[in-house]
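Colleague: Residue-level listing of the chains:
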Amino acid sequence: MTAVACELCPRRCVIPEGGAGDCRIRVNLGGKLRATTYGRPSAIHIDPMEKKPLFHFHPGTSVFSIATAGCNLHCLNCQNWQLSQRGGEEMEQIYRADPPEVVKAAKEQGCKSLAYTYSDPVVFYEYVYDTSAIARRAGLNNTYHTAGYINPKPLRRLCKLLDASNTDLKAFDDGFYRRVTGATLQPVLDALVTLREEGVWLEVTNLLIPTLNDDLAMIRRMATWMRDELGADTPLHLSRFQPQYRMRNLPPTPVEALDRARREALDAGLRYVYIGNVPGHEANSTYCPTDGTLLIRRVGFMVVENKLTADGRCPTCNQTIPGVWK
Amino acid sequence: MKKVHVHAEQRIGRRRFLAWLGGLGAAGATFPVLPREGRPRELSLREADFYRPHELAG
Chain V
23 MTAVACELCP
33 RRCVIPEGGA
43 GDCRIRVNLG
53 GKLRATTYGR
63 PSAIHIDPME
73 KKPLFHFHPG
83 TSVFSIATAG
93 CNLHCLNCQN
103 WQLSQRGGEE
113 MEQIYRADPP
123 EVVKAAKEQG
133 CKSLAYTYSD
143 PVVFYEYVYD
153 TSAIARRAGL
163 NNTYHTAGYI
173 NPKPLRRLCK
183 LLDASNTDLK
193 AFDDGFYRRV
203 TGATLQPVLD
213 ALVTLREEGV
223 WLEVTNLLIP
233 TLNDDLAMIR
243 RMATWMRDEL
253 GADTPLHLSR
263 FQPQYRMRNL
273 PPTPVEALDR
283 ARREALDAGL
293 RYVYIGNVPG
303 HEANSTYCPT
313 DGTLLIRRVG
323 FMVVENKLTA
333 DGRCPTCNQT
343 IPGVWK
Chain E
8 MKKVHVHAEQ
18 RIGRRRFLAW
28 LGGLGAAGAT
38 FPVLPREGRP
48 RELSLREADF
58 YRPHELAG
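As given, the protein sequences belong to chains V and E, one line each in that order.
If you're matching positions, the first sequence starts at 23 in the working numbering and goes up one per residue.
If you're matching positions, the second sequence starts at 8 in the working numbering and goes up one per residue.
Check the hints yourself; a few may be wrong.
What the hints assert, rightly or not - So the derived list for chain E, only partly shown, Cβ under 7 Å to chain V, looks like this:
{"hint": "1", "residue": "Phe24"}
{"hint": "2", "residue": "Ala26"}
{"hint": "3", "residue": "Leu50"}
{"hint": "4", "residue": "Ser51"}
{"hint": "5", "residue": "Ala55"}
{"hint": "6", "residue": "Phe57"}
To be verified - The calculated label-pair distances, taken between Cβ atoms and stated as ranges, are:
{"hint": "7", "chain 1": "V", "residue 1": "Pro301", "chain 2": "E", "residue 2": "Ala26", "range": "16 to 26 Å"}
{"hint": "8", "chain 1": "V", "residue 1": "Gly322", "chain 2": "E", "residue 2": "Gly29", "range": "18 to 28 Å"}
{"hint": "9", "chain 1": "E", "residue 1": "Pro60", "chain 2": "V", "residue 2": "Arg179", "range": "45 to 55 Å"}
Just so you know, the hints here were simulated from the structure itself, not pulled from any lab data.
Glycine is no exception: its CB is placed at the ideal position from the N, C-alpha and C atoms.
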């Protein structure tokens with residue numbers, strides 16, 4: 023009986039033969055580590071890029087989005103728990119979709135980008151890596167929506183193939199991470215810095231949960247850290263919580279609390295702070311940080327108007343707006 | 008004698024009917040249960056509806 027150590031994420035599971043890691047899908051088969059969901063996604067959809075959310079990366083385009091079962095976090099408020107908190111064999115259906123087939127389908131559907139999303143793509147790493155390599159050769163972009171709970175070495179290797187990432191920063195508090203997600207904060211901060219260092223276009227999402235992570239002093243510390251370590255141009259998406267899964271005892275985040283948090287983050291020096299899960303809110307849209315011109319007007323995930331110049335500048339003051347626009 | 012012959016034919020018919028009914032019941036019970044309790048239903052990529060509305064976040 024040979025146990026194997028999975029070095030992919032900070033959990034560093036030691037998996038006995040025939041057993042599975044914490045994520046449920048990385049298993050020890052005959053002394054070799056395998057991901058059971060390789061080439062077997064359970065969710066495939068074409069979404070707007072804004073849904074990831076990526077607001078400064080090819081706005082208004084469609085993204086071919088895939089996910090398999092499994093996750094290395096166990097958030098009490100998980101929005102996709104039917105997918106993330108199950109093993110592949112527990113899903114009602116799965117698709118046979120090896121990497122070349124995924125890329126071929128994305129191209130046939132006219133998508134410029136792929137997204138590895140919904141659950142956490144960290145756990146189906148090999149599938150992401152192989153698909154990303156083929157996608158890049160085919161001229162497609164690779165985007166990654168993750169909680170960032172991954173070790174530096176595999177992340178750096180993957181970054182060579184990634185074009186953009188929306189990474190969750192669930193709270194600027196290790197106690198919150200331990201209590202609510204079963205993970206820890208520092209590896210997530212390290213992953214954010216790695217993504218920035220490797221030149222992956224980076225946006226950050228913070229889901230604001232009433233009483234748990236909506237303290238303004240914490241928001242200020244988080245925004246200050248982002249400004250100093252990731253840069254003031256890193257977009258931050260403050261997202262509204264809805265009661266889900268094992269956290270149904272708390273109410274949805276009041277819009278006023280999101281507004282206060284946004285002001286705090288802007289005051290700390292971040293230039294692009296959005297409010298998510300509140301369709302129609304003015305902070306769904308992008309404004310020039312210099313003169314306040316409305317640049318990209320969005321309603322929910324839909325781009326209604328895009329006034330950016332072809333080279334990504336404000337048409338009024340010529341300020342360069344950071345992002346990947348074409 | 009004639010009555011006994013008729014009765015025997017009826018018994019054979021009833022057995023066939025019960026066997027058919029049992030088979031139908033077993034098949035009906037097995038089809039919806041097996042894919043859930045056993046392996047997931049495997050579909051090809053061509054069977055996917057990429058534009059089906061969904062509620063997954065991200």
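Colleague: So, for every hint listed, does it hold in this structure?
Modeller: These are the hints, each one checked on the structure:
1. Phe24: 35 Å, violated
2. Ala26: 33 Å, violated
3. Leu50: 5 Å, holds
4. Ser51: OK, holds: Ser51 (chain E) within 7 Å of chain V, min 6 Å.
5. Ala55: 5 Å, holds
6. Phe57: With Cβ-Cβ at 4 Å, under 7 Å, it holds.
7. V:Pro301 <-> E:Ala26: 16 to 26 Å: 60 Å, violated
8. V:Gly322 <-> E:Gly29: 18 to 28 Å: This hint is violated: roughly 55 Å between Cβ atoms.
9. E:Pro60 <-> V:Arg179: 45 to 55 Å: Once the Cβ atoms are compared, 36 Å apart, the range 45 to 55 Å for Arg179 (chain V) and Pro60 (chain E) is violated.
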